[in-house]
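Chemist: The listed protein sequences correspond, in order, to chains P and V.
Each step along the first sequence adds one to the number in our numbering, with nothing skipped, and position 212 is 294.
Each step along the second sequence adds one to the number in our numbering, with nothing skipped, and position 179 is 800.
By construction, these hints were calculated from the structure, which means they are not laboratory data.
Each statement offered as a hint is correct.
25 Å max Cα-Cα, derived PhoX-like pairs, lysine-lysine:
(1) P:Lys476 / V:Lys796
(2) P:Lys420 / P:Lys442
(3) V:Lys795 / V:Lys918
(4) P:Lys476 / P:Lys445
(5) V:Lys624 / P:Lys370
(6) V:Lys670 / P:Lys346
(7) V:Lys624 / P:Lys399
If you want a taste of the chain V side facing chain P, the calculated C-beta under 10 Å gives, among others:
(8) Ile638
(9) Tyr639
(10) Ala671
The structure displayed is predicted, hence computed values, not measured ones.
Just so you know, even glycine gets a beta-carbon here, dropped at the ideal spot from N, CA and C.
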Amino acid sequence: MMEEKEFSSKAYLDMELLRFTTAGSVDDGKSTLIGRLLYDSKSIFEDQLEAVKRASIKKGNESIDLSLLTDGLRAEREQGITIDVAYRYFATPKRKFIIADTPGHVQYTRNMVTGASTANAAIILIDARNGITEQSHRHTFIASLLQIPHMVVCVNKMDLVDYAEETYEKIKTDFQAFAAKLAVKDVRFVPISALKGDNVVKKSEKMPWYEGGTLMYILENIHISSDHNHIDARFPVQYVIRPQRDEYHDFRGYAGRVAGGTFKVGDKVMVLPSGFTTTIKSIINHTKELEEAFPPMSVTITLEDDIDISRGDMIVKENNVPRIGQDIDIMMCWMSEKPMRLNGKYALKHTTADARCLIKDVKYKVNVNTLGKIPDDKNIGLNDIARVSIRTTKPLFYDSYRQNRKSGAVILIDEADNTTVGVGMII
Amino acid sequence: MKKYNLNHLRELEAESIYILREVAAQFERPALLFSGGKDSIILVHLSVKAFWPAKIPFPLVHIDTGHNFEETITFRDELCRKLGAQLIVGSVQESIDKGKVVEETGYNASRNLLQTTTLLDTIEKHKFDAAIGGGRRDEEKARAKERFFSHRDEFGQWDPKNQRPELWNIFNGKKNMGEHFRVFPISNWTEMDVWQYIYMENIDIPKLYYTHERDVFLRDGVWLYDAPFMTKKPDEKVERIRVRCRTIGDISCTGLTVSMADSLEDIIQEIAATRITERGGRADDMRSEAAMEDRKKEGYF
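Same shape as in the complex, but just chain P (with noise of 0.2 Å):
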């Protein structure tokens, strides 16, 4: 028994966390894929699926309508449409998903964008009859954008399509060339019934020609390690700890979380912005002292001199420090209703630093249906994709986005109501 359970802990110990993203209409059978990941993966409990059985037939449907075990609102389950991002949760033996489930059409650009911000890897969903579509080139282009570093096209409906491979190769091709012209690293393709369960979690008969593995395979088996950025050391410093107790008396900690690269007890950093470099003297978390601290990991660093450090402030390493300034250019997503102002001032949000900034101009727009770039449409409204320059109120510590998306991504908000009205990634 003893022996038994030491295997069992130190076995879900070597778990990892995957994140992934799917966008798409019920039309294309994105919730059944969900639905079939979830059941498949026995991750559906029995009074969810009672739920959802009642839900179904309230609503005058012959079948299971597996889109209502996600459209959790009243307001989509009314609409029978998915409004906002909705998070899923399942495991399988070896490694734990989160699903950023989003809609998939041009109206909720916006929350592809922020389904997106922190996945791992994106499922591109194409309808084997029509082949790849305005929506699939949209969808492809934001998991570009936000730089998602897996890309998953599942073609999907074979059974349609009498699992022809001629049909898969075709789309494939296509997709292949329409990639090639956007920041897409790791692209793979599968060929699946999402309704009939082909290649999701079980492997077709239908499609003998086939040799790779199933949906199921290549989530749980992606390389995600080196997902983070392991180069370029960045540390914003998020809180000050100075605990008030006689025997912390001396003690000053550093709280963050690790943005990039590595820290080891004992490396020179620099102090951005005041530039003073000193030692780590230790890197904490909780009672445990650690050699090393490296991305995603929430630590506490404290250091060998006495300087002034707050919220806001990087500690980075002085051979390699990011790019400082207050004129940068960024690509932005659009969040509000209400239309960007040119010339305007928001609120502004990079890592743990605030700020205010002035939109100074807009470069282009780009359609996201064709990828065209629009050059004189200045006017950027709900869901519009822009490259804008902006001012900073005070120098920004940064990497470009695709560098790293942490030290590279900004928030903007309206100072009148204080929503997040736009988004960017800096270029």
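Use these hints to put chain V onto chain P, whose structure you have.
Modeler: Frame of chain P; chain V shown alone:
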């Protein structure tokens, strides 16, 4: 374990600690909503870790329905004493006595819904601008749409269709006077994660979670504790059997699980094998399809 890789429990822990520190940094008067259940116990544990060696920089707030298990109260007081944490109790009984709410009557009477008024009054009285809760997205479908930083207007209401977008790990806690935030640091944890973490970290939990003998009766397929204030229907017979709590809430709506689990390993195995969600035994959720959404809009936990 590969180098430069966190397992999922450590990654969830790091995310939650980050959020707790954001609360301390962004708000002036935060508070931690403590129910005595496992999720709020984990929140306290994570808070200790987040601010060590300093003390937790916010008080614990308990909304006491007056219908709590006795063990919950003992556990709560002992935990606060150990940590030297400040405890603030909001009493539903007091809200009833003052005539602010009316006690439900009948067989399914519960003080669960009444808590909302007491909670909002307590938040207002102490001018809390952030209330940290142990809600998780896997619990219920309205919770699946909840933000980490969830805005509440000056009436304490939640507007689910008009939530602030939340991207990366940047959290917007800006607000006007009189408004507040509910913050859910363990949003991304599942019930299994919680138990595995309790096991991994060896966290002390109330004995109610382990098997024990109790007087119970069956209603609509759910075992309920035969506390003195519970009104039974004529055909509901009291039996003494071995049960345990899967969730701990107000007695009137906490369904008990028939179980022999007397260790954390047993509980984990039981949960791995179970086919019913933990809120499956919560009478408060079965009132309607949108029961949780409706309560949350009004200011519930």
